[in-house]
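Q: Going down the list, the sequences are from chains H and S.
Counting in our numbering, the first sequence tops out at residue 246, every number present.
Counting in our numbering, the second sequence tops out at residue 207, every number present.
Please note that a few of the clues may not be correct.
Said to hold, decoys possible - Rough simulated footprint, nothing fancy, chain S against chain H, three-plus residues with beta-carbon under 8 Å:
1) 49 to 55
2) 60 to 70
3) 107 to 119
4) 123 to 133
5) 151 to 165
6) 237 to 243
Quick caveat, the hints were computed from the structure, so don't treat them as lab data.
Beta carbons: idealized from backbone N, C-alpha and C, even for Gly.
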Amino acid sequence: MIELISLALIVLSAILLLAITLRMRKRPVNLREIPALARLQHTLGLSIEDGTRLHIALGHGGLLDARGGSALAGLATLRHIAERTSVSDKPSVASAGDPAIGLLAQDTLQAGYQAAGVGELYVPTSGRVTGLSPFSYAAGAINILQNENVSANIMIGHFGSEAALLAEASDRENVIVIGASDNLAGQAALFASAQDSLIGEELFATGAYLGAGISHAASLTAQDILRWATILILLGGAAAKFVGVI
Amino acid sequence: MRVFTAAIAIAIAIAAGVLILGGYFFPALASVQTLLLNWTIILAGAATLVGVFNLIAVHTDKIRRREKGSAYSALLVIGLVATLLFGMALRPEHSFMRVAMNGIIVPVEAALMGLLTVSLIYAAIRLLRRRADLMSVVFLITAATLIIGSATLPFGNVPVIGTLIYPWVTQVLALGGARGILIGVALGALTTGLRVLFGVDRPYGGN
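Input sequences plus hints: build the corresponding full structure.
A: Shown next, in the form of structure tokens:
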């Protein structure tokens with residue numbers, strides 16, 4: 001029964017995503033303002049003008065578990081940032097705590113450079129694996145923040161409470177921190193320690209706000225529809241239980 | 001040629017994704033799913049080696065250019081190579097390797113955990129200076145209340161806070177909020193996964 005419901009949810013989501021993408025080609029939507037993402041846009045432009053570097057931290061989530069979604073969202077953001085900042089004097093650096101994500105980060109950075117028409121400027125060491133455990137990853141990423149003329153630390157991926165160490169190190173170096181995690185402890189740590197943090201599913205909205213394409217905006221609308229459907233099902237279930245139907 | 005290679009990569013990625021997803025719902029695809037996942041585990045192991053070489057390349061480059069902090073990079077490379085060589089020669093079960101693990105890695109990570117406590121307290125103190133809004137006030141009051149409510153005191157729980165407010169906040173408000181956030185994250189992960197499955201997002205290269 002659970003398998004059937006899961007399959008139905010996936011098929012419904014796929015149909016929704018396709019339908020909304022096709023609809024948005026004709027009629028684009030307006031997105032509500034999220035301060036953290038507005039600051040991210042501003043920071044991107046500023047880093048190119050300043051000749052400073054952006055550090056995109058992808059966290060220590062891997063592709064082989066439930067944390068893969070946040071890693072993929074981080075990579076989608078990285079792709080767009082790489083394309084926008086590829087002509088900067090100090091190109092962006094991406095760090096990952098999982099080797100597979102580290103490899104994909106290199107590939108994504110290269111794709112961003114090629115899309116900007118400056119593929120020859122890509123440096124393979126701009127995508128790095130800094131450590132394999134949460135704390136060793138954070139320690140390695142702090143080294144980048146302290147020594148590589150970074151102006152903004154964009155943390156998008158799976159972070160636990162060690163996110164506070166990265167945010168505090170950024171603060172000491174006067175580096176702007178924009179953070180998002182799919183982990184509840186990580187979200188709480190980022191809310192307390194980052195200038196701007198994204199809560200919950202806002203992590204997956206980054207691509208849409210950076211103008212990564214219609215499909216990103218369409219997936220936000222699909223998420224909203226699915227969220228409302230979930231709320232109605234939960235309320236319906238509670239009401240049915242209350243009146244004794246189930 | 002590049003377009004052709006990208007098209008093949010997209011086709012393989014989509015086919016692998018669909019087969020692995022299908023394996024969860026259709027028993028006929030379960031064996032293919034297991035086979036693909038086993039290949040993935042082998043490739044992930046190989047990626048670890050690539051990641052280690054990448055780490056060495058980054059830090060040797062820093063040492064060569066005499067960049068800021070290159071002494072730490074030298075320490076990292078020496079430590080990494082020495083541990084790798086000793087590990088290969090003595091095997092990971094050897095007592096020396098266990099001492100290296102229990103005497104260096106575990107205490108260093110524990111120290112970072114200790115630093116994290118200080119960092120979080122410092123961040124909480126600075127929160128209102130950085131972002132003085134209603135959510136920050138609610139966050140701080142909740143955190144302080146829960147710390148007081150969960151404190152182990154000689155006379156037992158703090159009256160009202162420990163016996164009424166703490167259980168209600170953790171088991172009703174926080175649990176409900178956490179479930180809401182996790183449902184939102186799950187829906188976000190689902191649509192992100194579907195974008196990759198449709199070939200719209202391609203983290204495996206190509207424009």
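Q: Hints the structure violates: just list their numbers, smallest first.
A: 1, 6
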